[in-house]
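J.: Let's have the full structure, built from the sequences with the hints guiding it.
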Amino acid sequence: MKGGDQPSGTSATPALDVAYIARLARLELTAEETALFQNQLAQVLAHAEKLREVNVEGVEPAAQTFAIFDVWREDVARLGLTQEEALRNAPRSVKGLFIVPKVIE
Amino acid sequence: MNKADLPGLTIAQLQKLLRAREVSPREVLEALHERIEAVEPQIDAYLSRDLDAAMAAAEQADVTLPLGGIPFAIKDVLSVAGQPCTCGSRILRDYRALFDATAIRKLREAGAIPFGRTNMDEFAMGSSTENSGVKTTRNPWDRSRIPGGSSGGSAAAVAADAAIASLGSDTGGSVRQPAALTGVVGLKPTYGRVSRYGLVAFASSLDQVGPITKTVEDAALALQAIAGLDPNDATTLDAPVPDYTSALERDLRGVRLGLPREYLVDGIDPEVRAAIETALRHFESLGTEIVELSLPHTTYAIDTYYLIATAEASANLARFDGVRYGYRAEHATNLLEQYNRTRAEGFGPEVKRRIILGTYVLSSGYYDAYYLRAQKVRTLVRQDFARAFEKVDALISPTTPEPAFKIGDRSTDPSRMYLADVFTNAANLAGICAISLPCGFTGGEHPLPIGLQIMGKALDEARILQVAHAYEQSTDWHRRRPAALAS
Chain Y
50 MKGGDQPSGT
60 SATPALDVAY
70 IARLARLELT
80 AEETALFQNQ
90 LAQVLAHAEK
100 LREVNVEGVE
110 PAAQTFAIFD
120 VWREDVARLG
130 LTQEEALRNA
140 PRSVKGLFIV
150 PKVIE
Chain R
21 MNKADLPGLT
31 IAQLQKLLRA
41 REVSPREVLE
51 ALHERIEAVE
61 PQIDAYLSRD
71 LDAAMAAAEQ
81 ADVTLPLGGI
91 PFAIKDVLSV
101 AGQPCTCGSR
111 ILRDYRALFD
121 ATAIRKLREA
131 GAIPFGRTNM
141 DEFAMGSSTE
151 NSGVKTTRNP
161 WDRSRIPGGS
171 SGGSAAAVAA
181 DAAIASLGSD
191 TGGSVRQPAA
201 LTGVVGLKPT
211 YGRVSRYGLV
221 AFASSLDQVG
231 PITKTVEDAA
241 LALQAIAGLD
251 PNDATTLDAP
261 VPDYTSALER
271 DLRGVRLGLP
281 REYLVDGIDP
291 EVRAAIETAL
301 RHFESLGTEI
311 VELSLPHTTY
321 AIDTYYLIAT
331 AEASANLARF
341 DGVRYGYRAE
351 HATNLLEQYN
361 RTRAEGFGPE
371 VKRRIILGTY
381 VLSSGYYDAY
391 YLRAQKVRTL
401 VRQDFARAFE
411 KVDALISPTT
421 PEPAFKIGDR
431 STDPSRMYLA
441 DVFTNAANLA
451 GICAISLPCG
461 FTGGEHPLPI
471 GLQIMGKALD
481 EARILQVAHA
491 YEQSTDWHRR
501 RPAALAS
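Going down the list, the protein sequences come from chains Y and R. Throughout, our numbering is defined as the position within the first sequence, counted from one, plus 49. Throughout, our numbering is defined as the position within the second sequence, counted from one, plus 20.
Everything labelled a hint here was simulated from the structure, so no lab data went into it. Careful, some of the hints might be misleading.
Said to hold, decoys possible - Only some residues are given here: those of chain R computed to face chain Y with a beta carbon under 7 Å:
#1 Pro251
#2 Asn354
#3 Arg363
#4 Leu392
Built from N, CA and C at the ideal position, the CB exists for glycine as well.
T.: The structure is reproduced here in structure tokens:
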């Protein structure tokens, strides 16, 4: 991670730094969007402060509504997408490969 | 039978005509196509329609099957092989699905014909369909108003007789809320009752596919076709699928209905409150017992929902990176820039907002304060319902705090927009089933539909369908049609 990916802590809501979070989310925002979201999400988070009233001492978190564990199926090979199908929606492909900008210098 | 009347019929009514060979699947589809052509300029419910594919299926349709020859409009978030699946987003503008979602495969196996892709809030994030990256759908009852969301295209199409029935998806109310605001029936099945395979994920622990229909009976018929265990979705429940239509006709004597007092709080629209109070008296006249009770954590459901749903969304939407499918920004010089700009140009404002919020609540230092706490409150919300269902067979409430609002009214204020789901979020958090059906109209020049929500315990769809059907059949709200579009 680059040195720039640190919370700046300079915004109106000290906890939420939209510009920093946008970098984490790989989402480029304009200065206008950053300011707007900073404001709007501060309101949403202020509303969510309500959850602090709730006594959650000893309460188990629910990641899902009905905990289902260890769902098994027969270990049988099945047909998946063909190479042609997998590439059909690709923005760029050449010779059966997804093409992206150069990663390694 | 006048052909022009076919699109106004229910699944059950069409089944009879098709099986008696009074009409053919082709004639039904042609009549529906004509109706869509006539009303679509007024409501903008559809994103695309593949008439040739549907016509080919109609020629082959076996009308002896449970849904033989019945066209279904499909929210543009469910994969239908070979058809667009844009999720109302620029980022999937040119995407075509490679396979059928399980719900679509099961619809086809039951003889139904997927026809038309309906508009939605981008990636199902919204309560008005104004967040569609393509266009704004209008409420058939008053075209200056929103049809609800996120399955607003599906609901508007069914309400305008521009669809016989539709499949939508419900993460926090996205089937029930638009159904309520357009005067039709919307069913959110129990989490795990219907496979999510092929449903583009928004919040995986909350998403569920559900039908939007003209009647409760049609909702039962649609659920019958799509419910069940699926090896391709490990969260589907391994429980038998009961006969939902045979449960409909049982009378309601002795059924205990709970009225959670937190759902009739100050701030709800007086006409909505009056309609619910009238519905309660009606239920008593049908022989039910109304039990007032409390779901004490109701007030926390909406914040819990938005923290959990956005957290899951931020992870699910990470896959849209412009590499394997979807939109890609031009001229990026490196991969990171390509990700950043593809997502900046591909996603609309509400999706960006939710990705930011979700990334934040999962980020180091804030996870415990927001996401983990929300998951714990989710447990408490679930326990509220479990306790309530020890005392009553089903719960009733308004579906929404107010009728459809004006287009543009809320779109700049996310906090206010989020309140549109205040009565529907909790059922998703708890994973229980719930249905919305019409229970009245507002007064005034353009009467607007009001929705009644019936919530049932997990896998008790037969019960809420029975309660809803008894109410519907002893009232005539479901027979009303939007006057503005009447031909």
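J.: Going back to the hint list, which numbers does this structure go against?
T.: Violated: none.
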